[in-house]
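Protein chains in written order, with the working numbering: chain G, 46 to 286; chain L, 46 to 286; chain X, 46 to 286; chain H, 46 to 286.
For the record, the hints were derived by calculation from the structure and aren't laboratory data. Treat the hints with care, since some could be wrong.
No copy labels: a pair is met if it fits in one copy or bridges any two.
Taking lysine-lysine pairs in the DSSO-like style, the calculated list, with each CA pair at most 30 Å apart, reads [stated by the list, open to error]:
(1) LYS100 with LYS199
(2) LYS241 with LYS79
(3) LYS279 with LYS107
(4) LYS199 with LYS241
(5) LYS79 with LYS275
(6) LYS241 with LYS275
Fair warning: this is a prediction, and the values are worked out from it, not measured in the lab.
There are 4 protein chains.
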Amino acid sequence: MVHLERVRLNRDWAESDDFIVGRALDSDLAVKMKDRGKTVRWHLDAERGVATPEKPGEHLTKYSVPLRPMLGCVAVAPNVAQAAPGTGDSGRYGGNMDFNEIVEGATVYLPVSVPGALLYVGDGHAMQGDGELNGNALETSMDVEFTVDVIPGKRIMGPRVESATHIMTMGLDGSLDDAFRGATANMAQWLTEEYKLTPSEVAQVLGTSSEYKVSEVADRNAGIVLKINKERLKSLASAGK
Amino acid sequence: MVHLERVRLNRDWAESDDFIVGRALDSDLAVKMKDRGKTVRWHLDAERGVATPEKPGEHLTKYSVPLRPMLGCVAVAPNVAQAAPGTGDSGRYGGNMDFNEIVEGATVYLPVSVPGALLYVGDGHAMQGDGELNGNALETSMDVEFTVDVIPGKRIMGPRVESATHIMTMGLDGSLDDAFRGATANMAQWLTEEYKLTPSEVAQVLGTSSEYKVSEVADRNAGIVLKINKERLKSLASAGK
Amino acid sequence: MVHLERVRLNRDWAESDDFIVGRALDSDLAVKMKDRGKTVRWHLDAERGVATPEKPGEHLTKYSVPLRPMLGCVAVAPNVAQAAPGTGDSGRYGGNMDFNEIVEGATVYLPVSVPGALLYVGDGHAMQGDGELNGNALETSMDVEFTVDVIPGKRIMGPRVESATHIMTMGLDGSLDDAFRGATANMAQWLTEEYKLTPSEVAQVLGTSSEYKVSEVADRNAGIVLKINKERLKSLASAGK
Amino acid sequence: MVHLERVRLNRDWAESDDFIVGRALDSDLAVKMKDRGKTVRWHLDAERGVATPEKPGEHLTKYSVPLRPMLGCVAVAPNVAQAAPGTGDSGRYGGNMDFNEIVEGATVYLPVSVPGALLYVGDGHAMQGDGELNGNALETSMDVEFTVDVIPGKRIMGPRVESATHIMTMGLDGSLDDAFRGATANMAQWLTEEYKLTPSEVAQVLGTSSEYKVSEVADRNAGIVLKINKERLKSLASAGK
């Protein structure tokens, strides 16, 4: 597990673009977006906590978005039988997940597959909408501090993230449909192993407490995140004892 | 447009089950869930604002979920060239959308396709997790009051919902991937027509302000919702003037 | 089961178009095809057995395609709990399947769900490429003769087709991925019930004898067909006795 | 381009298994197949030209399949900006395509992306059903002879294969739906560049001459192949001159 102690901006600008990735386009929107793809530079105002486009179009002159610095990439090495993944790839080992809740204070759980784990982090985003529709978020530079712990003897199906309020499982796969199945199975495993729920109880908790969001559609794998509020889990933990 | 003035529970129990629908199952989870499907009855405590299973399993004895009454179905008639859709279907005309933000206070926008629109509402859920993974939510009875307005001369690609804080577009299609494209194109249309954004501006706003969630995977169509916070939109509206 | 005794053209022209449906388009091809959609009229030459465009473009002046008259629609009524499907829809009950091997000599198996079955046939195509990419095939008029038999006590997961050489199962669903699962499960059921194969044997036969083709992507459901050559099946039938 | 001069078996056995991969399973079939996965050894009888399971189950005692030796893998190196792909991966550069028409006599076209191209071939299959549903085909050893030619100045979107009778384009992607789009766009590029067809003509030819099959669903990418009979193309080539 990697706990992000500090994820802070260290410069006052970021670059993005005005493209929309193919996975988000139907035929009509593809036609409308066909000439897009120019670089867009954003000013990062750490004091006000907002980003604004440096040369906004007519309708964006007052547009600003809250800064929420995050890491697009957190990964360990996959097991040695696999080829080393590219930096744009993702999977059970983490990778280029581009999930906008991997922020200061979050903990990322990844499976150790090789001696030393071979952790890396990177791909700082000053902020990012769900999906990372532009293919880039507000790409920038960052100061990062983190601590690493090893939890022995634990197996997980895919990346997991924990915040102050939620536990979250990621599904990363070649379609949103398969990523959805992955995130769900990953959470079912978590509820079964950590909270000792029976299959019937897993179904009831997932049916009433699931919050699904799309993390990204910009890289080879698409990502779906299943979140469960920790308030719901408190009652599970106490009940089983 | 249909504005939900009042969506209130009128009895103290709901029925759901402990099944998980096929779209959420990978092969392993399918094996684990193979014997599931029994009815689960929930007690609805309007005073405390929570639902609890009436005969909880060992680990769910203290489990409760907040009530959030919603309508699974809001629909008009599709255009007359189409067959009348079943009550489990959905599409541009609305239908069985099972989106848990169609609650008291929300406004649902649907295209009028036939004289009189032929609006119907139904499918009351005391609350529902994202995805409606059990195939059923906490199905119950409800008192509903709503007002209807007609906005002449307006065309929309698919259902839209507005809350106090967000505008939302729905994509409803045969896969999450296609629903994702639909929700995105629907919002691009909204930003283009109502806020006069250029394609480049649409891309920049979607890239930085999109919030995507999965509404449901339980019916013939899967649903993805794209939400944009109205705070972001205020600056757009004022800029263009 | 519906056996098509005779499926013959009765006029000398057909209409199609030069559009490509959205399910076949990536972003680049969508841009390239954006202005397409005009009607294309084809001359049907029954004597030579070919169709040719009446006003071909420069490169199609010598282009011709073999006639292979087929029925796009063969359907019974679904069970009464469902809404009556539109003529563009398909499912377990058959419907607008647009499969180019539903030709003279073929037998189509559909499940009887209501008294009288309520069979209908239609949507004559002089010929059709796999996928029905134009949204229309060479749409024309036809003389059709067929015989109907009832096989009591039999249940099938989805439509099946039998030719002189192959047995075929159809998967019809909201994505090609789900249609693929449906066609496979449908054939696994056939091999299990008719040929008494064990799950291990089903896997070995499917692994070595499956022929998959795409039937269509032009309607609400996409279709995948799994074909098995009857030569392979002869050995199965004789072995179990 | 890689022309396969000779692809011949050099031993009399192959190994496969009785598993079915997840992409082919719906929930019910997943339950039925849950205990499968044992190795199945096949005897290869080159003289009779068939393969038979060495220890067949009760219903497979007379089951045999025609030998059709093929190469599962033909690849060049992708461009240097990408990570080296694993041997189970595929893409524009070819790779583990598991397409059962890559046999003796076929020509495979791949884009040269690095100096020397860095071609490799492998993954000999004595035969394979469409889809490679078992995750393995009849895996065996082979003698292979091939010739390589370089076609300067040519760009292709993805792998292409040519046989005596057909030209074929492959789509390799994270879902069958996206692979279908890829195969179609790849063929549209071929018809546009080699046969000078206009978009309208491309649509008409694809609509009437497309033959789509599923190549495989066993690896990270699924594959769809679009085939066009060379008979249809002769008329195009002559018309444009």
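Each hint, compared with the structure:
In the homo-oligomer, the alpha carbons of LYS100 and LYS199 never lie at most 30 Å apart, since the shortest distance is 50 Å inside one protomer and 32 Å across protomers. Taking CA atoms no more than 30 Å apart as the test, LYS241 paired with LYS79 passes between copies only; the shortest distance there is 18 Å, against 51 Å inside one copy. Proximity of LYS279 to LYS107 under the C-alpha cut-off of 30 Å is restricted to the inter-copy arrangement: shortest distance 9 Å between copies versus 43 Å within a copy. When the C-alpha separation of LYS199 and LYS241 is checked against a cutoff of 30 Å, the pair qualifies only within one copy, where the shortest distance is 15 Å, while the shortest distance between copies is 42 Å.
With identical chains, the CA atoms of LYS79 and LYS275 are at most 30 Å apart between copies only, with a shortest distance of 28 Å across copies and 43 Å within one. In this assembly of identical chains, the alpha carbons of LYS241 and LYS275 lie at most 30 Å apart only when taken from the same copy (16 Å versus 41 Å across copies).
Violation of the numbered hints given earlier is confined to hint 1; every other hint is satisfied by the structure.
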